[in-house]
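S.K.: Put together the whole structure using the sequences plus the hints.
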Amino acid sequence: MVEMIKGGMANCYIVSQGDGAVLVDTGTAKCRDRILDKCRAAGVKLIVLTHGHYDHAQNAAYLSQALGVPVAMHPADAPLLEDILAEPIHAHTFQGKAMAALIRLGQRPRLKKIAARLQKNEIPPFAPDIALHDGFSLEPFSVEAKAVALPGHTRGSVGLLAGGDLFAGDALMNLGKPDKAAHYVDRAAMEASAEKIAALGENITVWFGHGKPARNRAW
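Numbered continuously in this note's numbering, the sequence shown closes out at residue 259.
Think of the hints as simulated: they come from the structure by calculation, not from any bench. Quick caveat, the model's predicted, so the values are computed rather than measured. A few of these clues could be false.
Distance condition first, Cα-Cα at most 30 Å in a straight line; then the derived DSSO-like pairs of lysine-lysine [what the hints assert, rightly or not]: (1) 46 x 85; (2) 217 x 236; (3) 46 x 137; (4) 46 x 236; (5) 85 x 252; (6) 70 x 252; (7) 46 x 252; (8) 252 x 137; (9) 236 x 186.
M.R.: Here's what the structure looks like:
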(Lines of atoms letter the chains of each structure in order from A and count residues from 1; the text may use other names and numbers.)
(Lines give C-alpha, C1' and ligand atoms only; values in the text may rest on other atoms or scores of the structure.)
Protein backbone atom coordinates (compact mmCIF):
# COMPACT_ATOMS: atom_id res chain seq x y z
CA MET A 1 0.00 0.00 0.00
CA VAL A 2 1.18 3.49 -0.84
CA GLU A 3 0.14 6.60 1.05
CA MET A 4 1.17 9.88 -0.56
CA ILE A 5 1.61 12.80 1.85
CA LYS A 6 2.07 16.42 0.88
CA GLY A 7 5.21 17.40 2.72
CA GLY A 8 5.31 21.06 1.74
CA MET A 9 6.84 21.53 -1.71
CA ALA A 10 7.63 17.82 -2.11
CA ASN A 11 5.77 14.56 -1.74
CA CYS A 12 6.48 11.99 0.95
CA TYR A 13 5.35 8.38 0.79
CA ILE A 14 4.62 5.68 3.31
CA VAL A 15 5.11 2.27 1.71
CA SER A 16 3.43 -0.47 3.76
CA GLN A 17 3.57 -4.24 3.32
CA GLY A 18 2.05 -6.40 6.04
CA ASP A 19 3.73 -5.45 9.31
CA GLY A 20 6.45 -3.39 7.61
CA ALA A 21 6.45 0.24 6.54
CA VAL A 22 9.04 2.77 5.39
CA LEU A 23 8.87 6.50 4.83
CA VAL A 24 10.26 7.83 1.55
CA ASP A 25 11.42 11.46 2.02
CA THR A 26 10.40 13.65 4.93
CA GLY A 27 9.06 16.99 3.71
CA THR A 28 9.58 20.37 5.34
CA ALA A 29 9.29 21.55 8.93
CA LYS A 30 5.76 22.96 8.75
CA CYS A 31 4.42 19.47 7.98
CA ARG A 32 6.50 17.46 10.40
CA ASP A 33 3.92 16.70 13.09
CA ARG A 34 1.29 15.60 10.57
CA ILE A 35 3.85 13.33 8.89
CA LEU A 36 4.96 11.99 12.27
CA ASP A 37 1.38 11.03 13.18
CA LYS A 38 1.00 9.14 9.91
CA CYS A 39 4.32 7.37 10.41
CA ARG A 40 3.34 6.27 13.90
CA ALA A 41 0.00 4.98 12.68
CA ALA A 42 1.71 2.96 9.93
CA GLY A 43 4.51 1.62 12.11
CA VAL A 44 7.33 3.07 10.00
CA LYS A 45 10.65 1.27 10.59
CA LEU A 46 12.97 3.17 8.26
CA ILE A 47 13.31 6.59 6.63
CA VAL A 48 14.63 6.57 3.06
CA LEU A 49 15.87 9.83 1.53
CA THR A 50 15.90 9.93 -2.26
CA HIS A 51 18.38 12.82 -2.13
CA GLY A 52 19.71 15.55 0.10
CA HIS A 53 17.69 18.63 -0.88
CA TYR A 54 15.95 20.33 2.03
CA ASP A 55 12.40 19.93 0.69
CA HIS A 56 12.94 16.16 0.90
CA ALA A 57 15.20 15.90 3.95
CA GLN A 58 14.36 18.73 6.35
CA ASN A 59 12.43 16.53 8.79
CA ALA A 60 14.83 13.60 8.77
CA ALA A 61 16.45 14.32 12.15
CA TYR A 62 13.14 15.13 13.83
CA LEU A 63 11.29 12.09 12.54
CA SER A 64 14.20 9.72 13.13
CA GLN A 65 14.48 10.77 16.76
CA ALA A 66 10.74 10.80 17.39
CA LEU A 67 10.20 7.37 15.82
CA GLY A 68 13.47 5.81 16.94
CA VAL A 69 14.22 4.60 13.41
CA PRO A 70 17.31 4.90 11.15
CA VAL A 71 17.75 7.11 8.10
CA ALA A 72 19.11 5.72 4.83
CA MET A 73 20.67 7.97 2.18
CA HIS A 74 23.37 7.75 -0.46
CA PRO A 75 26.66 9.09 0.98
CA ALA A 76 27.32 11.24 -2.09
CA ASP A 77 24.50 13.58 -1.07
CA ALA A 78 25.76 14.23 2.46
CA PRO A 79 27.27 17.65 1.53
CA LEU A 80 23.83 18.86 0.38
CA LEU A 81 22.49 18.51 3.91
CA GLU A 82 24.62 21.51 4.87
CA ASP A 83 24.60 23.46 1.61
CA ILE A 84 22.25 22.99 -1.34
CA LEU A 85 24.91 24.64 -3.51
CA ALA A 86 27.56 22.09 -2.50
CA GLU A 87 27.26 20.83 -6.06
CA PRO A 88 26.47 22.85 -9.21
CA ILE A 89 22.92 23.25 -10.47
CA HIS A 90 22.45 23.11 -14.24
CA ALA A 91 19.39 23.33 -16.49
CA HIS A 92 18.65 23.66 -20.19
CA THR A 93 14.90 24.41 -20.22
CA PHE A 94 13.22 27.68 -19.28
CA GLN A 95 11.44 26.02 -16.35
CA GLY A 96 14.64 24.41 -15.12
CA LYS A 97 16.66 27.60 -15.40
CA ALA A 98 13.99 29.50 -13.47
CA MET A 99 14.00 26.89 -10.70
CA ALA A 100 17.80 26.88 -10.54
CA ALA A 101 17.85 30.69 -10.35
CA LEU A 102 15.39 30.68 -7.45
CA ILE A 103 17.49 28.13 -5.55
CA ARG A 104 20.64 30.22 -6.02
CA LEU A 105 18.79 33.40 -5.06
CA GLY A 106 17.54 31.78 -1.86
CA GLN A 107 21.12 31.00 -0.86
CA ARG A 108 22.28 34.62 -0.82
CA PRO A 109 23.48 35.35 2.74
CA ARG A 110 20.74 37.79 3.73
CA LEU A 111 17.90 35.75 2.23
CA LYS A 112 19.36 32.54 3.64
CA LYS A 113 19.33 34.01 7.17
CA ILE A 114 15.72 35.11 6.76
CA ALA A 115 14.75 31.68 5.39
CA ALA A 116 16.52 29.96 8.27
CA ARG A 117 14.57 32.02 10.81
CA LEU A 118 11.40 30.98 9.03
CA GLN A 119 12.56 27.33 8.93
CA LYS A 120 12.42 27.44 5.14
CA ASN A 121 15.62 25.85 3.94
CA GLU A 122 17.83 24.74 6.83
CA ILE A 123 18.23 21.02 7.55
CA PRO A 124 18.79 20.23 11.24
CA PRO A 125 22.06 18.28 11.41
CA PHE A 126 22.02 14.51 11.39
CA ALA A 127 24.21 11.69 10.16
CA PRO A 128 22.51 9.05 8.01
CA ASP A 129 22.61 5.65 9.68
CA ILE A 130 22.58 3.56 6.49
CA ALA A 131 24.54 4.11 3.27
CA LEU A 132 21.99 3.61 0.51
CA HIS A 133 23.49 2.05 -2.63
CA ASP A 134 22.10 0.48 -5.78
CA GLY A 135 20.38 -2.81 -4.97
CA PHE A 136 20.15 -2.22 -1.21
CA SER A 137 17.35 -4.46 0.09
CA LEU A 138 14.73 -3.26 2.55
CA GLU A 139 13.74 -6.78 3.56
CA PRO A 140 15.34 -6.36 7.04
CA PHE A 141 12.67 -3.69 7.58
CA SER A 142 9.87 -6.05 6.49
CA VAL A 143 9.34 -4.37 3.11
CA GLU A 144 10.13 -6.10 -0.18
CA ALA A 145 11.81 -3.24 -1.99
CA LYS A 146 15.24 -2.25 -3.21
CA ALA A 147 17.16 0.94 -3.84
CA VAL A 148 17.81 1.98 -7.44
CA ALA A 149 20.67 4.39 -8.09
CA LEU A 150 19.37 7.33 -10.18
CA PRO A 151 22.18 9.91 -10.20
CA GLY A 152 21.94 13.11 -12.18
CA HIS A 153 19.53 15.39 -10.35
CA THR A 154 22.06 15.09 -7.54
CA ARG A 155 25.15 12.90 -7.41
CA GLY A 156 23.56 10.54 -4.93
CA SER A 157 19.93 10.45 -6.07
CA VAL A 158 18.30 7.09 -5.36
CA GLY A 159 14.85 5.69 -6.10
CA LEU A 160 12.97 2.92 -4.34
CA LEU A 161 11.44 0.05 -6.33
CA ALA A 162 8.69 -1.82 -4.50
CA GLY A 163 6.90 -4.30 -6.75
CA GLY A 164 5.16 -2.27 -9.44
CA ASP A 165 5.91 1.08 -7.80
CA LEU A 166 8.97 3.26 -8.27
CA PHE A 167 9.53 6.19 -5.93
CA ALA A 168 11.76 8.31 -8.13
CA GLY A 169 12.49 11.34 -5.96
CA ASP A 170 13.45 14.11 -8.36
CA ALA A 171 15.07 11.88 -10.99
CA LEU A 172 11.78 12.60 -12.79
CA MET A 173 9.31 15.38 -12.05
CA ASN A 174 5.64 16.01 -12.78
CA LEU A 175 5.48 19.80 -12.89
CA GLY A 176 2.72 20.43 -15.37
CA LYS A 177 3.55 17.20 -17.19
CA PRO A 178 5.65 14.13 -16.33
CA ASP A 179 9.20 14.60 -17.57
CA LYS A 180 12.87 14.33 -16.71
CA ALA A 181 14.41 16.39 -13.91
CA ALA A 182 14.14 20.11 -14.59
CA HIS A 183 17.55 20.83 -13.05
CA TYR A 184 20.50 18.62 -12.32
CA VAL A 185 24.16 18.35 -11.40
CA ASP A 186 24.99 16.14 -14.40
CA ARG A 187 22.76 16.13 -17.49
CA ALA A 188 24.25 12.96 -19.01
CA ALA A 189 23.75 11.04 -15.76
CA MET A 190 20.22 12.44 -15.44
CA GLU A 191 19.38 11.28 -18.98
CA ALA A 192 20.85 7.84 -18.28
CA SER A 193 18.78 7.52 -15.10
CA ALA A 194 15.62 8.43 -17.03
CA GLU A 195 16.45 5.66 -19.53
CA LYS A 196 17.06 3.27 -16.63
CA ILE A 197 13.59 4.04 -15.29
CA ALA A 198 12.01 3.61 -18.73
CA ALA A 199 13.64 0.18 -19.04
CA LEU A 200 11.67 -1.00 -15.99
CA GLY A 201 8.63 -1.23 -18.27
CA GLU A 202 5.17 0.22 -18.72
CA ASN A 203 3.66 -1.73 -15.82
CA ILE A 204 5.52 0.43 -13.32
CA THR A 205 3.78 3.34 -11.58
CA VAL A 206 6.16 6.25 -11.05
CA TRP A 207 5.66 8.26 -7.88
CA PHE A 208 7.35 11.63 -8.22
CA GLY A 209 8.92 13.88 -5.63
CA HIS A 210 6.81 16.62 -7.19
CA GLY A 211 3.42 16.04 -8.79
CA LYS A 212 0.94 13.22 -9.21
CA PRO A 213 1.95 9.65 -10.11
CA ALA A 214 1.99 8.44 -13.70
CA ARG A 215 2.55 5.26 -15.67
CA ASN A 216 6.13 4.61 -16.68
CA ARG A 217 7.15 5.28 -20.29
CA ALA A 218 10.08 6.39 -22.40
CA TRP A 219 11.22 9.64 -20.88
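S.K.: Confirm or reject each hint.
M.R.: Against the structure, the hints:
Between residue 46 and residue 85, the direct Cα distance comes to roughly 20 Å. Compliance with the 30 Å bound is thereby established for this hinted pair. Our distance criterion of 30 Å between C-alpha atoms is met by residue 217 and residue 236, whose separation comes to about 19 Å. Using a Cα cut-off of 30 Å, the hinted pair residue 46 and residue 137 holds, with the two alpha carbons roughly 25 Å apart. The hinted pair formed by residue 46 and residue 236 meets the criterion: a straight-line CA distance of about 27 Å does not exceed 30 Å.
At most 30 Å may separate the alpha-carbon atoms for a hinted pair to count; residue 85 and residue 252 meet this at roughly 25 Å. Taking the CA atoms of residue 70 and residue 252, the gap is about 21 Å. The hint holds against a cut of 30 Å. Of the pairs offered as hints, the one joining residue 46 and residue 252 holds, with about 11 Å between alpha carbons and a cut-off of 30 Å not exceeded. At most 30 Å may separate the alpha-carbon atoms for a hinted pair to count; residue 252 and residue 137 meet this at roughly 22 Å.
For the hint linking residue 236 to residue 186, the alpha-carbon distance of about 15 Å falls within 30 Å, and the restraint holds.
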